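*Asks:* Chain by chain, the residues run as shown.
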Amino acid sequence: MQAVNASPSREPVTVPEIEVVNDFSIHVATVNGSGSQSSNLVLLRALFEMGIPVSGKNLFPSNIAGLPTWYTIRASKFGFTGRKKEVDFLVAMNPQTAHEDVQSLEPGRAVVYDEPLGLDALRNDLSFYPVPFDPITAAVCPQPKLRKLVRNMVYDGVLAALLDIEMEEIRKGIEKQFATKPKAAELNWNAARAGFDWASENLAKRDPYRLERMDGNKGKIIVEGNAAAALGAVFGGVSVITWYPITPSSSLAEAAQGYLNRFRIDESTGKATFAVVQAEDELASIGMAIGAGWAGARAMTTTAGPGVSLMSEFVGLAHFAEIPVVLIDVQRMGPSTGLPTRTSQGDFLSAATLSHGDTFHPMLIPATPEECFEFGAKAFDVAERLQTPVFVMLDLDLGMNYWTADKFDYPDWDIDRGKVLSEEDIERLQGDWGRYRDVDGDGIAYRTTPGNRHPQAAYFARGTGHDEDANYSEREGDWIRNMDRIQKKMAGARKWLPEPVIEDGPKARVALVAAGTSHEAVREARSQLRLEYGFETAYCRVRGWPFSHATEKFIAEHDHVYVVDQNRDGQLRTLLRRQFPAIHDHLRSVCYYGGMPLDARTITDAIVEREEL
Amino acid sequence: MSTATATRAKAPVSNRIGLGLEPYRGLKTTLCAGCGHNSISERIVECFFEMGIDPTQVIKLSGIGCSSKSPAYFLSMSHGFNSVHGRMPAVATGAMLANKQLLALGVSGDGDTASIGLGQFVHMMRRNVPIVYIIEDNGCYGLTKGQFSATANLGSTAKSGIANDLPPIDTCGLAVQLGATFVARSFSGDKKQLQSILKAALAHRGTAVLDVVSPCVTFNDHVGSTKSYKYVRENKVPLQSIGFVPHFEEIHLQEDFAPGTVHEVEMHDGSMLRLEKLEEDYDPTSRLTALDRIELATEQGQILTGVLYVSTDQPSFTEILNLDDVPLAQLGQDRLRPPKSALDTVMEELA
Ligand SMILES: Cc1ncc(C[n+]2csc(CCOP(=O)(O)OP(=O)(O)O)c2C)c(N)n1
Ligand code: SF4
Ligand SMILES: [Mg+2]
Numbered sequence: 001m002q003a004v005n006a007s008p009s010r011e012p013v014t015v016p017e018i019e020v021v022n023d024f025s026i027h028v029a030t031v032n033g034s035g036s037q038s039s040n041l042v043l044l045r046a047l048f049e050m051g052i053p054v055s056g057k058n059l060f061p062s063n064i065a066g067l068p069t070w071y072t073i074r075a076s077k078f079g080f081t082g083r084k085k086e087v088d089f090l091v092a093m094n095p096q097t098a099h100e101d102v103q104s105l106e107p108g109r110a111v112v113y114d115e116p117l118g119l120d121a122l123r124n125d126l127s128f129y130p131v132p133f134d135p136i137t138a139a140v141c142p143q144p145k146l147r148k149l150v151r152n153m154v155y156d157g158v159l160a161a162l163l164d165i166e167m168e169e170i171r172k173g174i175e176k177q178f179a180t181k182p183k184a185a186e187l188n189w190n191a192a193r194a195g196f197d198w199a200s201e202n203l204a205k206r207d208p209y210r211l212e213r214m215d216g217n218k219g220k221i222i223v224e225g226n227a228a229a230a231l232g233a234v235f236g237g238v239s240v241i242t243w244y245p246i247t248p249s250s251s252l253a254e255a256a257q258g259y260l261n262r263f264r265i266d267e268s269t270g271k272a273t274f275a276v277v278q279a280e281d282e283l284a285s286i287g288m289a290i291g292a293g294w295a296g297a298r299a300m301t302t303t304a305g306p307g308v309s310l311m312s313e314f315v316g317l318a319h320f321a322e323i324p325v326v327l328i329d330v331q332r333m334g335p336s337t338g339l340p341t342r343t344s345q346g347d348f349l350s351a352a353t354l355s356h357g358d359t360f361h362p363m364l365i366p367a368t369p370e371e372c373f374e375f376g377a378k379a380f381d382v383a384e385r386l387q388t389p390v391f392v393m394l395d396l397d398l399g400m401n402y403w404t405a406d407k408f409d410y411p412d413w414d415i416d417r418g419k420v421l422s423e424e425d426i427e428r429l430q431g432d433w434g435r436y437r438d439v440d441g442d443g444i445a446y447r448t449t450p451g452n453r454h455p456q457a458a459y460f461a462r463g464t465g466h467d468e469d470a471n472y473s474e475r476e477g478d479w480i481r482n483m484d485r486i487q488k489k490m491a492g493a494r495k496w497l498p499e500p501v502i503e504d505g506p507k508a509r510v511a512l513v514a515a516g517t518s519h520e521a522v523r524e525a526r527s528q529l530r531l532e533y534g535f536e537t538a539y540c541r542v543r544g545w546p547f548s549h550a551t552e553k554f555i556a557e558h559d560h561v562y563v564v565d566q567n568r569d570g571q572l573r574t575l576l577r578r579q580f581p582a583i584h585d586h587l588r589s590v591c592y593y594g595g596m597p598l599d600a601r602t603i604t605d606a607i608v609e610r611e612e613l
Numbered sequence: 001m002s003t004a005t006a007t008r009a010k011a012p013v014s015n016r017i018g019l020g021l022e023p024y025r026g027l028k029t030t031l032c033a034g035c036g037h038n039s040i041s042e043r044i045v046e047c048f049f050e051m052g053i054d055p056t057q058v059i060k061l062s063g064i065g066c067s068s069k070s071p072a073y074f075l076s077m078s079h080g081f082n083s084v085h086g087r088m089p090a091v092a093t094g095a096m097l098a099n100k101q102l103l104a105l106g107v108s109g110d111g112d113t114a115s116i117g118l119g120q121f122v123h124m125m126r127r128n129v130p131i132v133y134i135i136e137d138n139g140c141y142g143l144t145k146g147q148f149s150a151t152a153n154l155g156s157t158a159k160s161g162i163a164n165d166l167p168p169i170d171t172c173g174l175a176v177q178l179g180a181t182f183v184a185r186s187f188s189g190d191k192k193q194l195q196s197i198l199k200a201a202l203a204h205r206g207t208a209v210l211d212v213v214s215p216c217v218t219f220n221d222h223v224g225s226t227k228s229y230k231y232v233r234e235n236k237v238p239l240q241s242i243g244f245v246p247h248f249e250e251i252h253l254q255e256d257f258a259p260g261t262v263h264e265v266e267m268h269d270g271s272m273l274r275l276e277k278l279e280e281d282y283d284p285t286s287r288l289t290a291l292d293r294i295e296l297a298t299e300q301g302q303i304l305t306g307v308l309y310v311s312t313d314q315p316s317f318t319e320i321l322n323l324d325d326v327p328l329a330q331l332g333q334d335r336l337r338p339p340k341s342a343l344d345t346v347m348e349e350l351a
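If you're matching them up, the sequences are chains A and B in order.
Residue numbering for the first sequence follows our numbering, starting at 1 and increasing by one per position.
Residue numbering for the second sequence follows our numbering, starting at 1 and increasing by one per position.
Where hints are given, some of them may not hold.
[What the hints assert, rightly or not] Here chain B is said to cover these stretches of chain A; the calculated rule only asks that three of the stretch's residues, wherever they fall, bring their Cβ under 8 Å from a Cβ of chain B:
{"#": "1", "region": "274-287"}
{"#": "2", "region": "403-415"}
{"#": "3", "region": "461-472"}
[Said to hold, decoys possible] Here are the simulated DSS-like cross-link-like pairs (lysine-lysine), alpha carbons at most 27 Å apart as the crow flies:
{"#": "4", "chain 1": "B", "residue 1": "Lys340", "chain 2": "A", "residue 2": "Lys407"}
{"#": "5", "chain 1": "A", "residue 1": "Lys220", "chain 2": "A", "residue 2": "Lys85"}
{"#": "6", "chain 1": "B", "residue 1": "Lys340", "chain 2": "A", "residue 2": "Lys176"}
{"#": "7", "chain 1": "B", "residue 1": "Lys340", "chain 2": "A", "residue 2": "Lys218"}
{"#": "8", "chain 1": "A", "residue 1": "Lys176", "chain 2": "A", "residue 2": "Lys407"}
{"#": "9", "chain 1": "A", "residue 1": "Lys271", "chain 2": "B", "residue 2": "Lys340"}
{"#": "10", "chain 1": "A", "residue 1": "Lys172", "chain 2": "A", "residue 2": "Lys205"}
{"#": "11", "chain 1": "B", "residue 1": "Lys236", "chain 2": "A", "residue 2": "Lys220"}
Keep in mind that the hints were calculated from the coordinates and are not lab data.
Model, not experiment: these values are computed from the prediction.
No residue lacks a Cβ here, since even glycine has one placed at the ideal position from N, Cα and C.
Please take these sequences and the hints and turn them into a complete structure.
*Replies:* Structure, rendered in structure tokens:
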């Protein structure tokens, strides 16, 4: 995959021999709060519209303004849109980090930088393109106050000139970005145009990187996982959303609110078929969601690790009182406040058994925006079917970054409200029902919801010990029977969860197991292992917990199974070991926990080393 | 006190919706004999019965504590939820979002409300969640064996003789300040007053906070406790004598009471709350007056009882959220899942 010959001796750059087309990364270093997000999105969109498979990842600090931030765009004609560890094309706009950014580049890479930074003195094995951003901006933006806002758009023009990005797409991108502000659109277009003109006249191309139109994005959309999951919830029929702001989950609740306002206000009455409540904290947001789930709403809350920790006691109550509720956990790096704007898969273990006592919560783990949408909708069916809290595990990389995806399919299944008894049902049963009786032998009992008018419909939900009819009980036998029934119910949970996606071949002795956003990196790592080392691997991507029998069979069939985790302790592997103790010795671990979106090389290198390739 | 209502209580054959007293009762109490909480449960049974409230449309919720156990001892025909310590307000809020047609009755303790649950209590009131929220206030943690709670008065002693050295939180003062739209204080031993207040609260739409001093006979009913039966009987100051006429009774108020001594409040369902003033200038619709009188009583070591504050023109939380007429819990797939055209539009925008 290395298209440029790396030369460790740092030879001066000559004219490149090989072109690198549609397969490199652009890394923009700016200052947080400097308005670079618009320029980066316009760039991303232009590449997307040129049909090039692309992803955009925001590597940002926990800060509103002033700290360094990076935006990394990956163009890949092969469709690998995970993060690329190596930076190919650097745009150095931030004096604070410019030196370090330049020093960390591999030889042969290219740098566009703000001329006064004088970065070309640092190394002689890179292609440097100094650009006088201030005078270029000043010429097209007479008002000094606005210059800061459009200055970053100049680099879009410069990159367009250097990388052959179509200016027409930049223009369309700007129009979309500033759709409601035509004045701002014009100002930004002028800035981009000025950057393009200046670069065309003054810069001689000396690096190998180039973009060209292809046909990789037909029928595709570009979307953040949080928006996708929010849409999923809306089309899954959510009726109550409670939340408390926390990165990286806030934009999920906000997106949901936006879609609900558009699509779920009754046209004739102007009234809402939903409630969204920003609660006072996560203790309240989960409590409200549980109250709503108990009373028959399709309820969810969205949060991140610190919120999950606060929700612990309530989630135990909902598990034990058997109340449906959906929790979307957009994971970030912990423990504690940790790296609040960096990604991780650090909540698998805590979510799976959140709360004290013997608890167990099914998880759905999407890896793509399409799955965010699908699982965001299905989670409600699973929760209501199993009458229990269900976690949907996103992470910051998936939730807050832009991904290309296929258009989402309109749900082709009916909403499943699970086992709920109506007035007529109770009448038919002549009142002879019990909230926690295992009538069907699947451990799932029947419930009623408040407001049911039958005089024998009511039951008393409680976190204290209870018998089959929901009466308070401290009797040993009642307790054990109830705990065993819940265990039986959970053992059947996998039936309602998405099956793993397995790619296997006869030659593969070694396999990988991964979940969530590790997927992009694993796909690419498998390709690297095949192309660079001639090493075939099998792959099982789990999408739900408890794991399915297919996963167990897969692990049993392979000698070495590398479980990829984006946490230090191998949490996914721990869950596999817990569920499949007999085959735990097949499992090995590849753990990355640096907070960046996982890249393929990290996995490839680990397997090469362990397998002595 | 309406005599019509009082007569009904004596002849409980069946109420106006044709139910006898039984469906309003619950299981036999497991609380200590003489516990104030039991008296409150009895008043709940009577009031719901007498007002002819359909128990299937009631939800009864609680946190954790002796007080919070009591929902098992009344309204057996109502769905109940004994939740977690201090966080019943959130559960009740969520349930009312799911089904705004329900009538929510929350029972909490002073520990449950004023310590662990203070945040939730405050935000429930700020939202004006439609609920009748009863604090069974004994100044201590009954269930964990008598530790001081945050409503215990400064200097009040525990059974062991230890004096409380922190000032109390006045839940009614807090309620008036933070947006509750019906605030009252009563005493578990004052059957007549508690009944009237409870009935008025049930006719209210919005957060009705009832702080009911309810002695714990086991841990906090000794000399030195300011929440003992003896202390409360001696230091209780009623603010007004309260009459409540439910909307289904004929209302002839003006004729019975001389204007100027009676303050009438029309409740949401058309019932009349009639406050005969003992305090000459007490206006229950004024926040300032309410806070002033609560403070004054505290200074004098008195327990001011009665309806301290009422406001009937604030929108409740479910009104603020402009919820559909059909309870959210009862919406079908046709209303819950937007049409394919909606998804197509979004997909076009994202393409
Ligand atoms: C999270 C949590 N912490 C502590 C407890 C222990 N606990 C149970 S009841 C209670 C105090 C109850 O006091 P109050 O609400 O005044 O009720 P009372 O028993 O006095 O009626 C405490 C601290 C608990 N159940 N949950
Ligand atoms: S311990 Fe106190 S509060 Fe609890 S039941 Fe007994 S008397 Fe009532
Ligand atoms: Mg108490």
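*Asks:* Does each hint hold? Answer for all of them.
*Replies:* A quick look at each hint next to the structure:
1. 274-287: Our answer is that it holds, as 11 residues pass the Cβ test (under 8 Å) against chain B, meeting three.
2. 403-415: Answer holds; 6 residues pass the 8 Å Cβ test.
3. 461-472: holds (count 5)
4. B:Lys340 x A:Lys407: holds (12 Å)
5. A:Lys220 x A:Lys85: holds (25 Å)
6. B:Lys340 x A:Lys176: holds (24 Å)
7. B:Lys340 x A:Lys218: Given pair Lys340 of chain B, Lys218 of chain A holds - Cα atoms ~20 Å apart, limit 27 Å.
8. A:Lys176 x A:Lys407: holds (19 Å)
9. A:Lys271 x B:Lys340: holds (21 Å)
10. A:Lys172 x A:Lys205: It holds: about 25 Å lies between the C-alpha atoms, which stays within 27 Å.
11. B:Lys236 x A:Lys220: violated (73 Å)
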